[in-house]
Amino acid sequence: GQECLQYLLKRGYTEETIDFFEIGSCTEKWAGFAEYALDKGISLSDLLASGLAIRSEKSSRGFYDQFRHRIIFPITDVMDRVVAFGGRVIDDSLPKYVNSPETPVYQKGKVVYGLSKAKGDMVKQDQALIVEGYTDVMAFHQCGIYNVVASLGTALTIDQIRLIARFTNNIVLVFDSDTAGEKATERGIDLLKEYNGNIALFNQHNINLSAVVLPSGMDPADYMLSHGKEEFSKLLEQARPLIDFTIDSIISRFDLTSAQGKL
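Each residue of the sequence shown is one higher than the last, beginning at 3 in this note's numbering.
Mixed in with the good hints, there may be bad ones.
Below, a list of computed lysine-lysine pairs in the PhoX-like style, where the Cα atoms sit at most 25 Å apart [as the list claims (entries may be wrong)]:
#  : residue 1 : residue 2
1  : 126       : 12
2  : 126       : 112
3  : 98        : 12
4  : 42        : 31
5  : 31        : 12
6  : 231       : 119
7  : 110       : 98
8  : 31        : 98
9  : 98        : 60
10 : 12        : 231
11 : 98        : 112
12 : 126       : 231
13 : 31        : 60
14 : 236       : 119
Label pairs and their in silico Cβ distance ranges [what the hints assert, rightly or not]:
#  : residue 1 : residue 2 : range
15 : 107       : 18        : 38 to 44 Å
16 : 98        : 60        : 20 to 26 Å
17 : 239       : 5         : 45 to 51 Å
Honestly, the hints are just simulated from the structure, not real lab data.
Here a beta-carbon is modelled for each residue, glycine too, at the ideal position from N, C-alpha and C.
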C-alpha cells in the first residue's frame, strides 16, 4: 500500500484526507484479495457477483482481482454503508478507473459519491456542489469546502437529484474548462431533459440547477489544491442558471457570423 499512498501524497493529498475518506489499496498479486476472502469463508460466487473478482481462463485459479494494484475508493450510501468500490491505477495503464458492477445494493444512478459525508454541510450551506470524480471531492474537502459530491463520470440522474434534494434544493455543477464545451453541453441537455420529464419533482422541491466553469485548463482537484477555497468561492459567485449555461455552450460551438453557422 505504500506505493499507492505515496502516489496520493505526491498529488497533494494529506494523510488526514486519505484517512477521512478511508482510501485503501489492493495488492499487486493477481488474486491476492480474492484468495484472502476465500480463506475467510466468502464464496467465490459472491466475489464474482460483487465484482471483486473476475473470471479468467488465463489465471491458474480461474479468476483474478478486479481491483488488482489500484487505489481503492469506498463508495457509500447516504447512511455511510459501503455498497461498492472504485479503483484507480497509479501508472499510465488503462483503464484508468474500474468500478464495481451494479448489484442488489448498488445502482450507479442512485448513489452519489461522498453524500454521507457532505449531507450535513449541504444543509448548512443550502447548496450542493457536483464534481466528477473521487479525487475532486477529496480536494474540495481538504481545502475546507465540504458540501461537495461526485456523480462519478455520469450526468446526474433524476434519482440522484431526488436524493440530493433531501438536503438542499440548490445544485451547482462544477465543470473544468477542458470539458466545459461538448461534455458540459451534453450533461446540461441531459439534465434539462430530466427536468422536462419530471417537472412536478423540480417544482415540489423548488430545485435550482446552475453551473460554474473552472479556469486555466485544470481539473477540479488540481485547481482546488493549487488555488484554494477563497479563489473558488469567487468563482462560485459567477455560477449561472443551467439553462443559460447550456444555451450559451451550444451557441459557442457555431460561427454565428456565417450563414451556415446561423442555420
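Here's how the hints hold up against the structure:
1. 126 <-> 12: 32 Å, violated
2. 126 <-> 112: Cα-Cα ~23 Å, so holds.
3. 98 <-> 12: 18 Å, holds
4. 42 <-> 31: 18 Å, holds
5. 31 <-> 12: Within the cut-off at roughly 24 Å; holds.
6. 231 <-> 119: 18 Å, holds
7. 110 <-> 98: Holds - the C-alpha atoms of residue 98 and residue 110 are around 18 Å apart, at most 25 Å.
8. 31 <-> 98: 18 Å, holds
9. 98 <-> 60: Distance of about 22 Å is within 25 Å: holds.
10. 12 <-> 231: Distance of about 20 Å is within 25 Å: holds.
11. 98 <-> 112: Roughly 23 Å separates the two Cα atoms, so the pair holds.
12. 126 <-> 231: 17 Å, holds
13. 31 <-> 60: 14 Å, holds
14. 236 <-> 119: Given that 25 Å is the threshold and the Cα spacing comes to 24 Å, the pair holds.
15. 107 <-> 18: 38 to 44 Å: 29 Å, violated
16. 98 <-> 60: 20 to 26 Å: The hinted range 20 to 26 Å holds for residue 98 and residue 60, with Cβ atoms some 22 Å apart.
17. 239 <-> 5: 45 to 51 Å: 41 Å, violated
Going down the numbered hints, you'll see the structure goes against 1, 15 and 17, while the others check out.
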